[in-house]
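Protein chains in written order, with my numbering: chain B, 5 to 168; chain E, 17 to 235.
Please note that a few of the clues may not be correct.
Below, a list of computed lysine to any residue pairs in the SDA-like style, where the Cα atoms sit at most 20 Å apart [unchecked claim]:
| # | chain 1 | residue 1 | chain 2 | residue 2 |
| --- | --- | --- | --- | --- |
| 1 | E | K97 | B | E79 |
| 2 | B | K25 | E | G189 |
| 3 | B | K80 | E | R96 |
| 4 | B | K25 | E | A205 |
| 5 | E | K50 | B | E79 |
| 6 | E | K100 | B | K25 |
| 7 | B | K80 | E | T203 |
| 8 | E | K50 | B | I76 |
| 9 | B | K25 | E | T202 |
| 10 | B | K80 | E | L54 |
| 11 | B | K25 | E | G51 |
| 12 | B | K80 | E | T98 |
| 13 | B | K80 | E | K97 |
| 14 | E | K97 | B | A84 |
| 15 | B | K80 | E | G51 |
| 16 | B | K80 | E | Y93 |
| 17 | E | K97 | B | K25 |
| 18 | B | K80 | E | E53 |
| 19 | E | K104 | E | S208 |
| 20 | B | K25 | E | S208 |
| 21 | B | K25 | E | E53 |
| 22 | E | K104 | B | K25 |
| 23 | B | K25 | E | T203 |
Worth flagging that the hints you see were computed from the coordinates, not collected in a lab.
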Amino acid sequence: MASPCQWVRGVLAAYLDGELKSSTAEAVRRHLEGCESCRAHARLLRESWGLLEEVPPAPAPTGFTERMMARIVEEKDLSALASRLRPDRLRRQVVASVLGVAAGLVFGFAVYSWTGLPQEPASPVEREVSRNVSFLEDVDLLDEIAVIEAMDRLMSPDETGDGA
Amino acid sequence: MAKAAVAVARSYEREGRRGAAADYDVGLMLAFQKGNELAFQELVERNQSRVIGLIYRFISDASNAEDLAQEVFLRIYRARKTYKPTAKFSTWMFRITANVSLNALRSRANRRDDVSIDQMSDFGDGPRAMPDPDSHLPDLHLHQRELQEKVQEAIQALPEKQQVAVILNKYEGMSYADIARTIGCTTMAVKSLLARARDNLKDRLLLYIRTGRGRQRVS
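All chains should be built: construct the whole structure from the sequences, respecting the hints.
Right, dumping it as structure tokens:
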């Protein structure tokens, strides 16, 4: 069983802070009136508590809001970047890219197979060049014909001069 | 501050009054939750001094107090989607502030490597780094600055929970019930914490009281 002094000292801080029920506070007050030792204890508690006021408050901040909001902007940028680099999102982006390239290749091959290449040139100049090119492709054949005709002429009697 | 944000906050404040806890800051937080960034800016504007002041009480370092205050508001910003107005905004904000401050103190202690990890357990009431008793011998002409340092040392030497309770009670004027909500314990536990804290402070500052530097009148 705690002595009255022990009990009072256990609740003295709450008494000094005004945190006791009125009936309890009244009992403490009555005890302090008659107990020099507990009054001295209460005085030390009060004075030591009062020393805490010697520590000054922090200096008032200036421009804190602006710096804070700038940091929030950085936070948003970082969040956006982190969101883009999230492994699941990154994986989805890679898969989508690969599928896109594959689809492009398949489509290109299908178009090539269906239409055939090369295509007819589009402009008149291109068409003219194309015709000349096809003529030149026959040059060898014409040369051979010319050679045969020349041999025929050489082998004919008129050409040998024997008819004189 | 923009009138639009104020109007939105007031409308949410009215909404908040129907809930468990209502104050203007809760209204701002709810407005921010709905996407009003100006409401967040006003929250910062309104609370920065209290947050920086509270951090300063913990770490006694004005230059780092602002960085840590930014960390507190950043946590509030990130929590906008999950925030629920179940208590006063200041209760929630002070809990975040105390956690950020204590984390900083633990990091500082780890860097100094002069306190064992066991002694710095989370909100534990175990013994903290105790100043050398001989270092408490006061100079008769102790300067104000030195006295401030001794008081700060005495506060920082308290176990973490006692330290939080002392700072919230002494410097923020919070009731035992509000402190209990902030640190997540019962009012009776706060009563016990503060009784032990005040006894500890008395013992650590005893010699300075006897030099007559105590300011409060004793009845």
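- Task: Could you tell me which of the hints above the structure violates, numbers in ascending order?
- Result: Checked against the structure, the hints that fail are numbers 6, 7, 11, 17, 19, 21 and 22, while the rest are satisfied.
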